[in-house]
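K.L.:
Here's the letter readout for the chains.
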Amino acid sequence: MISEWWTYSPSDLLAFGPDAYWHVFETANRTYWPLPLILLVAWIAALIWLQQRPDRRRFVLVLLSVSAVCVGFIYFVESYQQINWAASNLAILFYALALAAVFLAAFPSPGKTRWKSVGLGMLVYAVFLHPFWPLVSGRSIDEAELIGLAPDPTAIGAIGLALGTRFPVVLIAPAAVWLAISAMTLSTLGEVQAIVPISALFLCAVLLTLTVSRRWRHQGKPQSDTPAADRN
Amino acid sequence: MKVSRREFVKAIGAVSASLMASGGAVAQVSQSSPVALPAVGLGSWITFNVGNAPALLRQSAAVVEAFVNEGGGLIDSSPMYGSAQNTIGYALNSIGHPRSVYAADKVWTSSTNEGPVQIENSARNWQIDRFDLIQVHNLRNWQDHLDTLFRMREDGEVTHVGVTTSHGRRHRLLEDILREQPVDFVQLTYNPVDRAAEGRLLPLARERGISVIVNRPFRRGSLTERLEPVPLPAFAREFGATTWAQLILLFIKSHPGVTVVIPATTQVEHVRENKAVEKLANLDDVSRKMIQDAIRSI
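Protein chains in written order, with this note's numbering: chain A, 4 to 235; chain B, 141 to 438.
To be clear, the hints were calculated from the coordinates, so they are not data collected in a lab. Heads up, some of the hints might be wrong.
Stated by the list, open to error - Cβ pair distances, simulated, as ranges:
| hint | chain 1 | residue 1 | chain 2 | residue 2 | range |
| --- | --- | --- | --- | --- | --- |
| 1 | A | Arg218 | B | Thr252 | 50 to 58 Å |
| 2 | B | Gly349 | A | Ser143 | 51 to 59 Å |
| 3 | B | Ser234 | A | Ala48 | 43 to 51 Å |
| 4 | A | Val80 | B | Asn253 | 22 to 30 Å |
For glycine and all other residues, C-beta sits at the position ideal for the given N, C-alpha and C.
Only chain A is shown next, with the shape it has when bound in the complex:
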């Protein structure tokens, strides 16, 4: 039976169509209103604060943790579960994300800031631009995916935030797994929006490759290449 699973394509496993899928976001937004608005405002405030006080990243990580729990319970368990029997299991990814965010908030570190501007860009996209996809696709704005309640912008925001921390992988790993699932779902539904999780994953892959190659080059350098200031 287990080996049989490999013979199924994503379209064999997807039990819903695009209309039902997009309506899940409307259901979550309506049912928990005004929580989506409160979370959105909190994220806008967090972004502004992060620009003014980069050392306070830990408080934004706490907001990410709260957001990830909201996504896990409100979106996956309460809303998406209605049309996808596996949704409750997927919530685990966001609970893991919440734990990882708490861990990073509890053990703050200056971290490497090389990709911070890329991370900020991802955060800005997740908070301000992603909610407008329904308008691009000719759907109602009621189906807007807001950070803190919808999984895609929350995962993209988590990756953006992770890029300014020392252990980005603990946030990136669950977020990337979700984005891969989301990419597969949206592609199977024939939705252009699949380009969003695919692009986010591609960006992650590029950054990972650059980081590894830089580290490798750095380790390969001879001792004499160290800056003069480091030698007394």
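Following the hints, put chain B in place on chain A, whose structure we already have.
P.N.:
Chain B alone, transformed into the frame defined by chain A:
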């Protein structure tokens, strides 16, 4: 007057024949407890999994209503289909639970004990007291579930019992089950492109008096989508079919081993188009081969 089961089956067969002769719904017979079923039923995979979206629920209810207005018959669902059961319940409730609906659902769990609970829950979702048919979905934990279902059939808690598979999977095991187990129905995939069931399963089911439900007639819509831009072959009109969907359904229902085909749709027009196939005369093997070759060449 005491009527034996064989005589009863024969009598139902006669009713079916007269229905066919009158150009009405094509009727078929199940051995253990005879029932006349229209040849075109209604599937619910994907199409009825609409959550609680009011507009989509109303659209689904209109599909069920049109199905009933066109003669009704077998509606099939599963606990695996998300909110499809609830949608059917909503639709049936809105039209007063017509008697022309034959309620078919499935048990889909690896837990033996959970089986009866799941069936009870499914009936609640459909807003009915009992199902006409319960099938073991994709042969999951089939031995234990069949034991439960046979017991339920004996106790009158369900009329018929069946097993299902799709995409041509596990046909060897299905064949063994059809040989050894007293099931009333088998559900499998069959269409002009997926014809694996033709070799052994359809003849075996016919030989054993097991009714056959055909799923995925349009390969989840991809087959009709592929054929849509291509003009219908000239012979289609002679057969009475005006669309590729009708030609495919006619091909399927004309196989002597097939009882019901269950296309799923979200469109009232498609329901009417599908149900119209019931009125078309069954084709012989040569005509069916023409359809098969025409589709294969595209």
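K.L.:
Confirm or reject each hint.
P.N.:
Okay, the hints, checked on the actual structure:
Taken as a hint, the range 50 to 58 Å holds for the pair A/Arg218 and B/Thr252, whose Cβ atoms sit roughly 54 Å apart. Under the hint 51 to 59 Å, the C-beta atoms of B/Gly349 and A/Ser143, about 52 Å apart, fit the expected range. For B/Ser234 and A/Ala48, the Cβ-Cβ distance of about 46 Å falls inside the hinted range of 43 to 51 Å, so the restraint holds. At about 24 Å, the beta-carbon gap between A/Val80 and B/Asn253 stays in the expected band of 22 to 30 Å.
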